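Listed here are the chains, written in short residue letters.
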Amino acid sequence: MGGVAIRVMLSESELIRRILSGERELYYDLIAPYERMVYISAMSLLHNETEAEDCAQDAFLKAFCHLPEFKGESKFGSWLVRIALNEAKMKLRKMRADLYDSLDKATEGEDDEYVPQTLGDWREIPSEALERKEVRELLQKAVDKLPERYRIVFMLREVQGLDVAITAQILGVSKAVVKTRLVRARLQMKDMLAPAVKNGRLFSRHLFKKGKNPWL
Amino acid sequence: MAMTCKEVWREVSNYIDNTISPDMRHELELHLSYCRHCTAIIDGVRNIVVLVADGRLFSLPAGFSARLRARLDKELFS
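From first to last, the protein sequence lines stand for chains G and Y. Going by the working numbering, the first residue of the first sequence is number 1, and it counts up by one from there. Going by the working numbering, the first residue of the second sequence is number 217, and it counts up by one from there.
It should be emphasised that the hints constitute simulated quantities derived from the structure, not laboratory data. What you are looking at is a predicted structure, and each value in this text was computed from that prediction instead of being measured. Worth double-checking, as some hints may not be accurate.
No more than 30 Å apart at the CA atoms, straight line, and that leaves these computed lysine-lysine pairs for DSSO-like [to be verified]:
1. G:Lys62 x G:Lys89
2. Y:Lys222 x G:Lys179
3. G:Lys89 x G:Lys141
4. G:Lys71 x Y:Lys290
5. G:Lys141 x G:Lys175
6. G:Lys75 x Y:Lys290
7. G:Lys141 x G:Lys71
8. G:Lys145 x G:Lys94
9. Y:Lys222 x G:Lys145
10. G:Lys71 x G:Lys179
11. Y:Lys290 x G:Lys141
12. G:Lys133 x G:Lys75
13. G:Lys91 x G:Lys75
14. G:Lys141 x G:Lys91
15. G:Lys145 x G:Lys71
16. G:Lys89 x G:Lys75
17. G:Lys133 x G:Lys62
18. G:Lys71 x G:Lys133
19. Y:Lys290 x G:Lys89
20. G:Lys91 x Y:Lys222
21. G:Lys133 x G:Lys175
22. Y:Lys222 x G:Lys175
23. G:Lys179 x G:Lys141
24. G:Lys62 x Y:Lys290
25. Y:Lys290 x G:Lys94
26. G:Lys89 x G:Lys133
Incomplete in silico selection of chain G near chain Y, CB under 10 Å [to be verified]:
27. Met95
28. Glu134
29. Val135
Note that CB positions come from ideal geometry on N, CA and C, so glycine has one too.
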């Protein structure tokens, strides 16, 4: 009856303590806020909804089994993300053993300068445009095209909103590396989307009634 | 000793995230006042940062939570 209300009040550490003492069904409450985060982490490597969902489920199963080992040194969310990324890496290794690009070490090219394209004025993509499936797909495809080590940083920082320090901790790299990868990812995203912005593909007349289209 | 375009590109993230020193911000904005290309780059990146943070991108597939619960029920709690 009042159970739900009581559960909402429980802190993460209290939830974990009670799950470990046998109230296993509380696990659903513990993980509910992190479902999207774990799914997005899996998506950042797998690019495929079905694979990512499968991987997210595996990660939640594994996290439950390893819950006694969670010491609270990192945030529970970061711990889950790390498990999800590891699960996704294992899945990837099976899928493309020979093509695998290691996440753990900074690969060559990290110090090269990325030169953004300068295509003149950028016409703003209004957030209303996200109502359109094609716009969402265009953005998601652009993320997919980022090199893996940039893509993961981009997903953790921009999509999930994790800060530089936590992202660095999850990936086991320095904050400077996170910052460098983020700036490259952001510039490359802009360059990939610039042609679509320039030729107007992102602006549909159907989207804005009565010709009100201040971005054109 | 005005900032070059290259120096601006290196600071794009810090500028957008507001983790830049006041001096550097001033220098960068001075550069933007006459460099149309860097202005377009900054506007483009800022626009993408806003769009990507929107929950409508990368949303959970419909039925995700129910399927997750069913799998956990089956493998952990049955």
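Hint check:
no., hint, verdict
1, G:Lys62 x G:Lys89, "holds (14 Å)"
2, Y:Lys222 x G:Lys179, "holds (16 Å)"
3, G:Lys89 x G:Lys141, "holds (20 Å)"
4, G:Lys71 x Y:Lys290, "holds (27 Å)"
5, G:Lys141 x G:Lys175, "holds (27 Å)"
6, G:Lys75 x Y:Lys290, "holds (28 Å)"
7, G:Lys141 x G:Lys71, "violated (37 Å)"
8, G:Lys145 x G:Lys94, "holds (21 Å)"
9, Y:Lys222 x G:Lys145, "holds (24 Å)"
10, G:Lys71 x G:Lys179, "holds (28 Å)"
11, Y:Lys290 x G:Lys141, "violated (34 Å)"
12, G:Lys133 x G:Lys75, "violated (34 Å)"
13, G:Lys91 x G:Lys75, "holds (25 Å)"
14, G:Lys141 x G:Lys91, "holds (21 Å)"
15, G:Lys145 x G:Lys71, "violated (36 Å)"
16, G:Lys89 x G:Lys75, "holds (21 Å)"
17, G:Lys133 x G:Lys62, "violated (34 Å)"
18, G:Lys71 x G:Lys133, "violated (42 Å)"
19, Y:Lys290 x G:Lys89, "holds (25 Å)"
20, G:Lys91 x Y:Lys222, "violated (39 Å)"
21, G:Lys133 x G:Lys175, "violated (35 Å)"
22, Y:Lys222 x G:Lys175, "holds (21 Å)"
23, G:Lys179 x G:Lys141, "holds (22 Å)"
24, G:Lys62 x Y:Lys290, "holds (14 Å)"
25, Y:Lys290 x G:Lys94, "holds (25 Å)"
26, G:Lys89 x G:Lys133, "holds (29 Å)"
27, Met95, "violated (20 Å)"
28, Glu134, "violated (13 Å)"
29, Val135, "holds (9 Å)"
Violation of the numbered hints given earlier is confined to hints 7, 11, 12, 15, 17, 18, 20, 21, 27 and 28; the remaining hints are satisfied by the structure.
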